[in-house]
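In order, the protein sequences belong to chains S and H.
Under my numbering, the first sequence has 147 at position 147, and the numbering climbs by one with no breaks.
Converting from the second sequence to my numbering requires adding 215 to each position, the first position being numbered 1.
Do not take every clue at face value.
Pairs of lysine to aspartate or glutamate residues, derived as EDC-like cross-links and limited to a Cα-Cα distance of at most 20 angstroms, are as follows [what the hints assert, rightly or not]:
no.: 1; chain 1: S; residue 1: Lys-31; chain 2: H; residue 2: Glu-235
no.: 2; chain 1: S; residue 1: Lys-31; chain 2: S; residue 2: Asp-182
no.: 3; chain 1: S; residue 1: Lys-31; chain 2: H; residue 2: Asp-304
no.: 4; chain 1: S; residue 1: Lys-31; chain 2: H; residue 2: Glu-228
Now the in silico label distances, taken between C-beta atoms and shown as ranges [as the list claims (entries may be wrong)]:
no.: 5; chain 1: S; residue 1: Gly-105; chain 2: H; residue 2: Trp-273; range: 51 to 57 angstroms
no.: 6; chain 1: S; residue 1: Pro-21; chain 2: H; residue 2: Leu-250; range: 21 to 27 angstroms
no.: 7; chain 1: S; residue 1: Gly-110; chain 2: H; residue 2: Gly-247; range: 16 to 22 angstroms
no.: 8; chain 1: S; residue 1: Ala-113; chain 2: H; residue 2: Asn-332; range: 30 to 36 angstroms
The set of hints was computed from the structure by calculation and includes no laboratory data.
Please read these numbers as outputs of a predicted model, since none were measured by experiment.
Just so it is clear, CB atoms sit at the ideal spot from N, CA and C, and this is done for glycine as well.
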Amino acid sequence: MSAFEATAEHERELPDRRYTPERAAGELASKRVIVGYGFWIFLLSDIVMFSAFFATYAVLVDATAGGPSGRELFNLRNVAIETACLLLSSFTCGLASIGARTHRGFWYYGAMAATCILGAAFLFIEVNEFAGMVAQGAGPTRSAFLSAFFTLVGCHGLHVTAGLLWLLTMMAQVFAKGYRADILRRVLCFGLFWHTLDIIWVAIFTVVYLMGAGQ
Amino acid sequence: MSDSGQQHEPYNENTAPGYERFGEHEPAEAVGSYLVGLGLATLLSIVSFFISGTTLVWGPSIPLALVVLAIAQMGVHLVFFLNITTGPDNLNNIMALAFGVLIVLLLLAGSFWIMANLNHNMMPIDQIMRMQRQGRYSPLETPAFVFLAAPTFSSYITGEILPIIGGYSGG
């Protein structure tokens, strides 16, 4: 009896501390933060996967089995254009996320279209490079070095392809459903994905192309 | 509940990665941050490409310089494009990133260490051949891994059960 009274008095003294459903809901992180954090964890696991491919490449880079080495195969002018494409597309992707959040259709669709064109240009150059290498007998079966090269760079290319499909999906979803909260969360995740691909490309052009061509 | 755009988030102290806070009517600030990132990243990329082909600096130092430039550029991307900051609202994102970097470093360093040791401990095949020709190695007394690695020893094996009693010191 007295203990019950003490509790009741305590609660009356500190009404703000009472655990109401409204307060509990307010203390939860917003859905955007939870979704963004979860996708960030996924991206970090993707980076761990890429680091395994990088380790494989670095171990096998000298195992050319008498075939061509990176010095003979890589064309740094193309790599510079690819780098410029991805970097600019990262910038336009950032503009698109601002456009989506401020509900400005011209910004959003324009920046997303620019991102799409730059990403497609990157893929076009990369596919041409791969096709040229296979045509001159330097395909992935030629040596352990080339197997590791096609695995690493090709995996990044596949990510860019998936990113382009996602990009078009996001343009269509905003067009069809408007700037709804759940659609904006997807736009946020797409932006994270695209920026992360550019970070991985920085590692690729440094480790694979610049170090390979400069040896 | 507080999920539509820039509405109030009274108790929320976290920020989603890639989500820059800016006033609803001043998106120009956010564009400025992306512009700074674009400028810095472009500068670092140009220096990387320039330095990889230069003869102005001592050759063996170039790979190290490239690695440093690449890490700097990744930092620029993280701060200006992914909006990962050191603020308290980014603690969760930073902790996840730190754990990811730890795993990446373990994976890279472990791979290089193990493979370097393996190459060090593996006797080159041509050296084994030479010793065999000199009569210093017979198939019966070779360690199992040398036996399996050298075609002259193991290529004729068909479906036999090979007792692994050798190893690095067991031969």
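- Determine which of the earlier numbered hints do not hold for this structure and return their numbers in increasing order. 6, 8
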